[in-house]
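Trainee: Could you put together the complete structure from these sequences and hints?
Protein chains: 4
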Amino acid sequence: MLFRTDMADERRDVYKKANKLEDEIEGIECETEDLKDEIRVTRVKILNEKGEEALNKKKGNYITIDVKKITNLPEEKQNNIINSISKEVKSLINIHIKEDAEVLVVGLGNGNLVADALGTKVIENIEVTRHIKKYCPEFLNEDEREISAIAPGVMGLTGIETLEVVKGIVDNVKPKLLIVIDSLASRSIERISKSIQISDTGIIPGGGVGNARKGLTKESLGIPVIAIGIPTAVETAVIVNDALDLFISKLQDEARSNEYLNKLKEEDNYEEIKEALVPGNYNLIVTPKEIDELADDMALLVSEGINMSL
Amino acid sequence: MLFRTDMADERRDVYKKANKLEDEIEGIECETEDLKDEIRVTRVKILNEKGEEALNKKKGNYITIDVKKITNLPEEKQNNIINSISKEVKSLINIHIKEDAEVLVVGLGNGNLVADALGTKVIENIEVTRHIKKYCPEFLNEDEREISAIAPGVMGLTGIETLEVVKGIVDNVKPKLLIVIDSLASRSIERISKSIQISDTGIIPGGGVGNARKGLTKESLGIPVIAIGIPTAVETAVIVNDALDLFISKLQDEARSNEYLNKLKEEDNYEEIKEALVPGNYNLIVTPKEIDELADDMALLVSEGINMSL
Amino acid sequence: MLFRTDMADERRDVYKKANKLEDEIEGIECETEDLKDEIRVTRVKILNEKGEEALNKKKGNYITIDVKKITNLPEEKQNNIINSISKEVKSLINIHIKEDAEVLVVGLGNGNLVADALGTKVIENIEVTRHIKKYCPEFLNEDEREISAIAPGVMGLTGIETLEVVKGIVDNVKPKLLIVIDSLASRSIERISKSIQISDTGIIPGGGVGNARKGLTKESLGIPVIAIGIPTAVETAVIVNDALDLFISKLQDEARSNEYLNKLKEEDNYEEIKEALVPGNYNLIVTPKEIDELADDMALLVSEGINMSL
Amino acid sequence: MLFRTDMADERRDVYKKANKLEDEIEGIECETEDLKDEIRVTRVKILNEKGEEALNKKKGNYITIDVKKITNLPEEKQNNIINSISKEVKSLINIHIKEDAEVLVVGLGNGNLVADALGTKVIENIEVTRHIKKYCPEFLNEDEREISAIAPGVMGLTGIETLEVVKGIVDNVKPKLLIVIDSLASRSIERISKSIQISDTGIIPGGGVGNARKGLTKESLGIPVIAIGIPTAVETAVIVNDALDLFISKLQDEARSNEYLNKLKEEDNYEEIKEALVPGNYNLIVTPKEIDELADDMALLVSEGINMSL
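Chains as they are written, first to last, in our numbering: chain X, 2 to 311; chain U, 2 to 311; chain A, 2 to 311; chain P, 2 to 311.
No lab work stands behind these hints, which were simulated from the structure alone.
Please note: incorrect hints may appear among the correct ones.
Sample of chain X residues facing chain U (criterion: CB under 10 angstroms; computed from the structure) [claimed, not checked]:
1) 90
2) 94
3) 114
4) 118
5) 182
6) 298
7) 306
Positions of the beta carbon are idealized from the N, C-alpha and C atoms, including for glycine.
Mentor: Here is the structure:
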């Protein structure tokens, strides 16, 4: 089964719909909690191999925090979101390590591409303490945790697989737990930059269960890995695929004639489609992932062209 | 007729297809020239009101330069593109003003949003001479043109309409011609950052002929306006709309049964759709226009959440 | 008299010291107020031509807010600083215009150079309302002020004098008052990014009284101009000059022999000098203003050199 | 002896001057080559312990390339500089490893601070091949070198010492040689961003010979380390110190009376000092290293203050 989403709760939805299940999937537990300020927490637990097979994700906890809005928030609402994230991350940390055990935070992705920069941006804001503990311990409480943080860059720029870099650092720095931040793919435009998934199963390229040794996981690194992911993009093909599914359903429901199809094609369905695609306040556009670089190159060519023409 | 593209040559294609025209549209002239390095120049001329009505664009010249690739070009190929742009811009300038007449270059768009930053980026690279001519004329050849350049920002950030800002500057600086740079919408993913449209009819919001007085045009500013635009985005709805059209055609061609629709729906069409949507080497994603800002906000919330949890 | 500072209170100090004045300068009034969180407000008033001549600054109000620290402030302290700025700016606005009169905020400087980007950065954060008032007045209270904001760029990049751009916009937008933001030069390293000067006399290039018609002032624009400036740099020559003055004083005080000078020269005075130059926690370095651009160029040359060598 | 410069050729000058040496320092060899376009190559070789002691730098090769100008260069001149860098780097590489041996390029410094971003910027432009060799070897010539590149960040942001990060990666990636890029301190404003030092002795914090095991060196990493450094800053104290030295010399030469000192102090020496400090075309300013961050904080406070006042 192909899910085309990294979010465990979306996979659960897709699976249930595809298999027309009304009850919970075997091997899965799920609960939802609504907090104030329209913050919703969904906790999906994959209990065993049955659950692993159903969602093609590793056994463990997958917590999703959905919020309605993140820009221009008053400070109180902002603090409520921060508190929710903190509480869920803490709950997973406490399952695996002691209060004062060392943690390394790793931010994945390419800091130069807007839609892939989340990991790098988060790292810049983490309050690291490891060097203080080492060189000026008098500035920290005795029981304070050693925290370090790194953004290893992407293989296209470094030539090195992320696992190789992180493994090298873990071997030297010897943290007891890893927190990894990454951008995710979602199936829903509405969730872009409004949803946070926190899990204690690490990050596996392609998301499959089989290749855990190639991901940032306990199997590959020897320490528990908490992954925090945020959807920043949806594939166009996913959107069109969904639109086509809806459309075929409609044709079937209405058992329409060829004449109807003709009419449909002549009509301009743009507004309807647009409405369906633009939930909330988003102004959706399709941009190639490389738009940052393309814009620089284009600006150079055009400005030189103008300079020469003048 | 709704074109959903700012490119005159795309509008011509849409109009011809919709009206099943084999010959040229009345009031339109079009020629295509293939240069080396796979540079293609398309020159659409709107001759009269008939042409204006057909394409809903003002009478004048619309030149499109399409290139195959813009990143990592060897210097010679890069120079060929620059030369083509320069030649076409120059040809339009020379229709309207003298060799040494003053020019003001205006870069539109929001420099902080990647997909809208083209105008601002171009302005940073324009070789301005007006201040040198004014204060140190000895550093310039006597017949050199006065060039100035400005990026007025977007109304959402300034509270002022672009026309108001530009009109104020034109009244004070008194150039003889304006060159305006902007990002455009195209109907084709393949053209994003690979196509340059150069016209001598200015820029009209919404593109319609009727409201020329509200755009950056000769009507509103009193001087000729050359517009250079580059497609940087395609609307998702356009893509889905096109995909649906193709799909309906296929259904009609094959006069398929309901059974067929059932089968189709159960199949996974993702790979086919992806292939259709990803011409060339683009890695397509759908990103909200506000992704830059969203990413910053999200990074703050998550990092604070992590800090608090540790 | 050459002051080499744009800060009125520093000019007052220099003038008093140079003229060995114990009492206030004729034509000047000055008061100091200490607020909580070590915020100090100094209000210098130039009353008449005598005062203008002494400080070579126009008649009017010059308010300086000094703070001890601006990074990593707890929210309450941050709000106290914001409140102080707001109160002083408001007091000057209210002298000149009505509660609901239109205001245009102008951010000067080159947004691409770190030490000159303040004006541009401030503009990005101003809550503009003019377009809302014009197009969606129902979203605003009836008595709310029309606010617009623009960053006109620097003459080196636009070829246009700032006054020409601003005059054009003022003529079209017709605000009743201008607020101008700019980076200033100070005589004191300690004040860099820790001091805010607010005045109601506009901004005059070179600071002199004589050329008010060339600056952004009531004389040139026809409306009152409030200037908000922040010191972001000190000239190296100012620092060395001050160090030499101190040194000569020391020599004179001690009526030292040539032998002493010899000894002094052989000693390493670096640590003493460093201490004298680095008040507070600053890690001082001397950087060419163009360092941003130089760093880009250098990185290109070195990386290409390495690529070629490999 | 305190040199306050990382450049071997400057240390040689300081040492010779301090010890009034006319001949070469024992244990040092030095040659200078002038290439076209005013490129000068200085090759300092530290031959033995005597040389190490004199310059407090490790035995090995220190090559400095000085250029007159780096911005707005015509392509030919730019290529000449790139060729010089490439030739010198290659000569050092070939002393230590075979033509096809693996190389890891490491960019030091904080990419967010303009004056410290060089290492990070260079890394973004290195053509890495290691991943291609591993996953798509058919795209590379068989004898092509495996190249990887990483920017490990600074300890203040990561909590991890650079050596720990790099050691971890070297242990996993197993390159045969390291190239390290870093910003340097120079004694001369004129050399900022105009001089490149290439050495085969690695990078040692503080520059001392004694603590080689703590630096990025053959001793600590087990493979040869080529260091490429570029001066991006001069300490203010160094400049003032030099100015005082010059001044004392002048006093001594002229055996001046106290009267003279009085006169000197009353005169305004600013212009002379400025001239002495501003060789070439630099517009010197003193900026705290933290100016990037300070500017952001300040812009926030001021804009909020304005917003509140309006």
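Trainee: Against each hint, give a clear statement of whether it holds in the structure.
Mentor: Now for the hints, and whether the structure bears them out:
Annotation: interface hint on residue 90 (chain X) holds; nearest CB of chain U at approximately 4 angstroms, less than 10 angstroms. At its closest, the beta carbon of residue 94 (chain X) sits 6 angstroms from a beta carbon of chain U; the interface hint therefore holds under the 10 angstroms criterion. For residue 114 (chain X), the suggested interface contact is upheld, since its CB lies about 9 angstroms from the closest CB of chain U, less than 10 angstroms. Residue-level restraint check for residue 118 (chain X) holds (minimum Cβ-Cβ distance to chain U is 6 angstroms; threshold 10 angstroms).
Interface hint status for residue 182 (chain X): upheld, as the beta-carbon distance to the closest one in chain U is roughly 7 angstroms, under 10 angstroms. Against a cut-off of 10 angstroms between C-beta atoms, the interface hint on residue 298 (chain X) holds, since the closest Cβ of chain U lies about 5 angstroms away. Satisfaction of the interface hint for residue 306 (chain X) is found here, the shortest Cβ-Cβ separation to chain U being roughly 3 angstroms, below the 10 angstroms cut-off.
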